[in-house]
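*Asks:* First to last, the protein sequences are chains A and B.
Taking this note's numbering, I'd label the letters of the first sequence as residues 1 to 514.
Taking this note's numbering, I'd label the letters of the second sequence as residues 1 to 177.
By construction, these hints were calculated from the structure, which means they are not laboratory data.
Wrong hints could be hidden among the right ones.
No more than 30 Å apart at the CA atoms, straight line, and that leaves these computed lysine-lysine pairs for BS3-like [claimed, not checked]:
| id | chain 1 | residue 1 | chain 2 | residue 2 |
| --- | --- | --- | --- | --- |
| 1 | A | LYS180 | A | LYS190 |
| 2 | A | LYS363 | B | LYS75 |
| 3 | A | LYS400 | B | LYS79 |
| 4 | A | LYS405 | B | LYS75 |
One-sided excerpt, in silico: chain B residues whose CB lies under 7 Å from chain A [stated by the list, open to error]:
| id | residue |
| --- | --- |
| 5 | PRO63 |
| 6 | ARG101 |
| 7 | TYR132 |
| 8 | GLU157 |
Where a beta carbon is used, it is the ideal one built from N, C-alpha and C, also for glycine.
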Amino acid sequence: MNLESLIYAKLDGEITPEQHSQLEDHLRNNWQARRLYLELADQHARLLQQPEVNTGRLKQTHVISRTVPWRKSALIASAAVVLLTAFVVWPRKVVDSEATSNGVAMISQTLNAEFAPTTIRGGDTIAPGKLTLKKGLAQIEFFSGATVLIEGETQIEIISAWEARCVSGRMRVHVPPAAKGFLMHAPNMKLEDLGTEFAMNVKGQDSTVHVFDGEVIAHSKANSPASLKMGMTLASASVSVAPQDFLPIRELQGLIRQHEQSRFEQWQTWSMQTRQDLRLIAYYPFKHWENDDWDRLVNNFAEPTLKSRTGGAVGAQWTQGRWPGKEALEFKRPGDRVRMNLDGTYDALTLACWIKVDSVDKKYNSLLLTDGYESGEPHWQIYEDGSLMFSIGYATAGEKRITMKNNQIYHSKPVFTADSLGRWHHLAVTYSNASGAVLQYFDGEEVGRDISSLHQPGRTIVFGPCELGNWGLPTQGHQFPIRTLNGAIDEFAIYNGVLDATEIQAIFEEGKPN
Amino acid sequence: MSPEPSPSTEQLVLLLTQHQEPLFRYIFSLVGSEADARDILQETSLSLYRTFDQYDASRPFLPWAYRFAYLKVQKHREKKTRSQLLFSEDVMDLLAQERERVEPELDQRLQLLDGCLSKLTAHDRELVTSRYAMRQSAEEMMKRFPISRRTLFRKLELLRQRLHECVTSQLQSDGLS
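This is chain A alone, in the form it adopts within the complex (with noise of 0.2 Å):
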């Protein structure tokens, strides 16, 4: 029996002990199971309370007045229920359904860039539509393998794969063999490429198209299709367009590379300036000595430095962060963790950090957690609906340890979605136990604000022994659930107090990406 049958069995009372066991391991194991569940029970119970249906609006001819409650019929029904429905085969949509995307290109770099609309950015998928490019340059990858990179003020409309218009602009495509045949329109033409690089200049109706090596098939109205060899320029009026007019390839790869070499300086000025932050409890910009022959040392960089709060890495490997020359740690093993040990009581914490997130594969995917989970320690980790996750709990007299009445549990909205994931990202979450507020953050705007009813003033805050990337560490001989992260972390800050909001925004600023 499928999920949905087990939910309708369990809500009509007809579900037998043995699928009843069924259906809790579902729930158990499975968010989309509890959530359908969830939206089944409460469509069940809206339809047992109905006003518009019990008021008869949903009015028929004739009533049978004589009732017998639902349930009690429901057990003689059972077993001949069962039997029949082993052997239907009833047509449903599957609950776990793949995931879906309806991009046909890619945009792989970008420089400057400015998009209309503005939402798009560097690495986002693109579905069939027109894209404008205000500024800068953009190149976007087709998945027929063919490249187009524009330049300026630039609109291109992806038709599929396969095909593209350039409606006006400067771009310069290139295709490789195994894209032959892409097309590319222009007003008044249409190019068929043969595997080649060619560039387009248009203005309003008229468009010109200068080929730099291999053959491109023009069609227009006006003529019969002709041939385009190397060198060879077309134009349908007085645009001119010349080779120097664009950007060669390799000059834009340069040109990345020194955007990000002044990226990168310009996060190490303020992260030099931020280490002297009196709120820090500790602060890992993950740089490690060269001289360290053990390799695993995480430095903390927070003025005074305190050598107790150096961090050790285990298992994780050094990778490269946002910018090449910056390091990061990539967790990816079950082992995989960076131990710390943090010593001291607090009223207020900010944690912040960058990273990437290659998959959210687990229930609860690790940032920062204390060893076990006792009164006052914090927990900040991503669940696996994407949401960003803050708990701490506290167990009153009588309790002994935190269970789901005493602790205080935070989300986001859902934050890692696939257009998030394998990029750099900044979060933070701060947490008052005054206000008992907590504010969440992702890429330095609030994605979470809530104040947990369980909340009670003047509660203090503990790390003690904690790691980012992992939970542990398991006793002797115990099983342990597996909550690593699968990504990397190149940037990890911890302070004693609240951050606002501009505080948040401003390290966004200051350490984006690009």
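Assemble the complex: chain A is given as a structure, and chain B must be docked to it using the hints.
*Replies:* Same frame as chain A, now just chain B:
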């Protein structure tokens, strides 16, 4: 506790009337049976009445009430473990947690459900009415709509599935999700 005067019974009655429906849905999602959910709702109302002097009127009522409801569901569970199929504690915990998280969306869904109900065919409406408004048994329904038990159950499932899908697609097209 604060020195403010304790809120009156009148206030509680008002709050309960206002929130009875979501409270019922909360309990129902944890026990999955209408009769049990009604019993638990009554017990919950009673314990809310007994502890109402502790209610802080500046905070939302429902989260406060949910905590009592949750305890009552647990109590009910302990009483009935043998005779009936109830979720085990960890599953209930998970459901209760998840439910509080997605509550705004569930509420949105219900608003859209009314619209989806009005789009049903006359035949489906009759099914809804006899199953939900009149609480007819399967036997009664089989008599009314001359169909086999198997067909009846299938129709009911498909009907509820259609409603669920209708709500989901409206939610998406409204950009509310």
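*Asks:* Work down the list of hints and note, for each, if the structure agrees.
*Replies:* Okay, the hints, checked on the actual structure:
1. A/LYS180 - A/LYS190: Measuring from Cα to Cα gives roughly 15 Å; hence the hint holds.
2. A/LYS363 - B/LYS75: 29 Å, holds
3. A/LYS400 - B/LYS79: It holds: about 24 Å lies between the C-alpha atoms, which stays within 30 Å.
4. A/LYS405 - B/LYS75: Measuring from Cα to Cα gives roughly 15 Å; hence the hint holds.
5. PRO63: 4 Å, holds
6. ARG101: 6 Å, holds
7. TYR132: 4 Å, holds
8. GLU157: 5 Å, holds
Of the numbered hints stated above, none is contradicted by the structure.
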